[in-house]
Each structure stands twice: as structure tokens, then as C-alpha cells.
Amino acid sequence: MENLLSEEEIFAKLSVILQEALRIGTTKIRPEARVFDDLGAESLDLLDIRFRVDESFGVKTSDEDLIRSLGEGLTAEDIQEKLTVRSLVLYIQNCLQEKSQIL
Amino acid sequence: MRSAEGKDLIALVTGGSRGIGRAVSLRLAAEAAGTVIVNYLENDIEAERTRKLIEERSSSCILAKANLCHVADVDRLFLTIKETVGRLDIFVHCAAVTAFKPLREIRSNQWDLTMNVNARSFLLCVQKCIPLMKVGKIVAISSLGSSRAIPNYGALGPTKAALEATVRYLAAELAPTGIQVNAVSGGFVKTDSIRKVPGADMLAEKTAARTPAGRLGTPDDIAGIVLFLLSPSASWICGQTIVADGGLSLL
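Here the protein sequences line up with chains A and B, keeping their order.
Residues in the first sequence are numbered consecutively from 1, following my numbering.
Residues in the second sequence are numbered consecutively from 1, following my numbering.
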């Protein structure tokens, strides 16, 4: 059941997504790695990663919710600096929790 | 353009909540369609704004959030259309994404994503439109990048070339069934997404100066050509890409 995934399990699945989308090795993918600056993602890649997350985890991510999950009053530009692999994991975990509440 | 019976046509516009898609949705609502189905990816606020503007034009609006990259989402979108309105008369494909960078730097995932949203989703939607259209009109939004090498347009241009080729094949295949397929290609159109182009302001200024008509295109400039292609006056145009760029491509 996707909604019972632990943070570690989400990280493992997300790592595969990031490797496939960004064509990077697994060693670069650490929780504290910044998705843009450290992993080399661009804004189109974030869309691609989110689409893959939607399919893989069965959730509906959104740009606005992702930005909101990083902190109050942030803009789309802030995401480039603030988004880490761990913050993405926590966002996915939140999406899964919301999904389980709906179901 | 109004149908002979009045404003009773049913239209689907992908990427219909913003930019050119919104302009097309609003012109359809004002002139032709009693119901406009606005497909969008995720911006609920802009979609609601588009709905309000459509309703102000005395047409009804159905907001249809769907990721056209996912076949299951496309299937759901058309199932909803079938169950709620039962048919389609018009389909306008405006959905597009891109990264503004040189083609030599495009990663395979970026190529796949732009192809999927910009070109493949058009084909998937048309295949689903066919059983819902007795007779119908389909228009895809292209751009000059399909045939010209525009700096930092490497991710978008090839997808638009694929889109235009898809339009030609579908036009030939579907004309005997009463479904007309064409495309509109704009020059530099002032939309929100164009701001993401590196050096957008300077590029806009230079492009306007180079354009014989002396200005950049607006979403409504493109919407006007789309409405023409959807009108009975354009019924003999089949599989063409109409360039509407203020003369930019002439020089």
C-alpha cells in the first residue's frame, strides 16, 4: 500500500525517479542534496519529476502545493534554492497521507 | 462565427486556461460555443478565472484538469466529455511545455516530455475525438520554430514540426469523415510563458522591431485565426498550417 510507505521507502523510489529523469548516479542523491543546484535539475525537469512521482506513487502533485510545503510566502523562484531531496520526500509523504484520508 | 442554430457548439481547448488557450476559449465562448471544456494541468486559480470570463460571455464552462502526458488522464478526460455533454464539435490543442535552451543541451527526459505534451497528446486527443465528432473541426497551435532555427527554441521547435506533420496526416485521413484538421503558427506571441525565455525583454523589443507589422503578436491575434479556421468560410482548408506572425517570417 503506497499510503503506508516510510520516509526511507519513498526516498528509495524517488531516487530511481531522479536517476532516470536527470541521468545521474545514485551517489549524488542524498537527502540534503538540492534538486536544482546539486542534482542539476531545471524547471522542466521538475515538471517531469512530478509527473513521474504522480504515476509512480499514485498521487496528484502540484507546483503550488510543493512551493507551499517548503514554507510560507515562497515563490516559484524560491523553489530552486530550497527544494532538497528530503523536502521532496516529505511532500510526497504528505500527498500520500492526504490520499489515504480521501480514500 | 456562429453555428446556423446559434451558439450551440461544444468545444474542447487543451491548455485552455492561460495564454493563447484562454484567448481561444474566450473567443469561442463569445462567438461560437455554448459550452467550452477547458483542459488545464494544475493552475486552479487561472482556470477558475477563465471559467468566470467564459460565463460572462453567456456560455457554460467545464473545467477539466488532466495531465495529457498520461494516457489514463486522456481516457478519463474524454470519458467525462462523453458522459457530460455526449459529443464534440471543436477541438483546439494549445497545451505546450518547453525548456528554453539550445537543442544540443536537451536531456532525453526533456525531449520526451516536450514531445509528449506538445505533439503526442494532440494525437491521443484526436483519436478520442473521432467517435465524439459527427462532423468536426480541429486546430493545433504551432509556432515558427517548427521550420526555423530560433535561438534557445531547440526543445520546442522539433515538437511543433512533429505537430504540423501530425496535422497533415490526420487532415488527409479524417477529411473523408467530415473532420477538418489544420494548424495556426504564430510568431513571437506575448504570453506569460514567453517571459521564461532568456533575455525575454530584449528579445521582445528586437522581434517587434524586426516584425513588418511593428509589434509582437497577442494571444487574441492567434485566437482570431483559430476562429476563422473553425468557421464555414475556411471549410476548404485542409491540413494547412496558417502562419500569423505580422510578417516576421517574411524577412
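Please note: incorrect hints may appear among the correct ones.
Taking beta-carbon pairs under 7 Å as the criterion, some of the chain B residues facing chain A (in silico) [unchecked claim]:
id, residue
1, CYS69
2, THR80
3, PRO102
4, GLU105
5, ILE106
6, ASN109
Estimated spans, in silico, between C-beta atoms of each pair [unchecked claim]:
id, chain 1, residue 1, chain 2, residue 2, range
7, A, LYS60, B, SER108, 23 to 29 Å
8, A, GLU8, B, GLY199, 41 to 47 Å
9, B, ALA172, A, ASP63, 36 to 42 Å
10, A, GLU98, B, ALA172, 43 to 49 Å
11, B, ARG104, A, ALA12, 30 to 36 Å
12, B, ILE237, A, ALA12, 51 to 57 Å
13, B, ARG148, A, ASP63, 26 to 32 Å
14, B, ARG210, A, GLU98, 45 to 51 Å
15, B, TYR169, A, GLU20, 28 to 34 Å
16, B, GLU205, A, LEU74, 29 to 35 Å
Hints in this document: simulated from the structure, not taken from any laboratory.
Predicted model only: the values in this text are computed from it and were never measured.
Cβ coordinates follow ideal geometry from the N, Cα and C atoms, glycine included.
Status of the hints after comparison with the structure:
Against a cut-off of 7 Å between C-beta atoms, the interface hint on B/CYS69 holds, since the closest Cβ of chain A lies about 6 Å away. Below 7 Å, beta-carbon pairs count as interface contacts, and B/THR80 has none with chain A, the closest being about 16 Å; its hint is therefore violated. The restraint placing B/PRO102 at the interface with chain A is violated, with a minimum CB-CB distance near 13 Å, outside the 7 Å limit. Look at B/GLU105: its Cβ only gets to about 10 Å from chain A, farther than 7 Å, so that hint breaks.
Hint status for B/ILE106: violated, given a least beta-carbon distance of 9 Å to chain A, over 7 Å. The closest approach between the C-beta of B/ASN109 and any C-beta of chain A is roughly 5 Å, which is under the 7 Å cut-off, so the hint is satisfied. Between A/LYS60 and B/SER108 the beta carbon distance is about 25 Å. The supplied range of 23 to 29 Å therefore holds. Restraint check, A/GLU8 to B/GLY199: a C-beta distance of roughly 44 Å satisfies the suggested window 41 to 47 Å.
Checked against the given bound of 36 to 42 Å, the beta carbons of B/ALA172 and A/ASP63, roughly 39 Å apart, stay inside it. One distance hint, 43 to 49 Å for the beta-carbon pair A/GLU98 and B/ALA172, holds here, with the actual separation near 47 Å. Take B/ARG104 and A/ALA12: their Cβ atoms lie about 33 Å apart, and the range 30 to 36 Å holds. Between B/ILE237 and A/ALA12 the beta carbons are some 54 Å apart, a value that agrees with the proposed interval 51 to 57 Å.
Judged by the Cβ atoms, the range 26 to 32 Å given for B/ARG148 and A/ASP63 holds: they are separated by roughly 31 Å. For B/ARG210 and A/GLU98, the hinted distance range of 45 to 51 Å is satisfied, since their beta carbons lie about 50 Å from each other. For B/TYR169 and A/GLU20, the hinted distance range of 28 to 34 Å is satisfied, since their beta carbons lie about 31 Å from each other. The supplied range of 29 to 35 Å is met by B/GLU205 and A/LEU74, whose beta-carbon atoms lie about 31 Å from each other.
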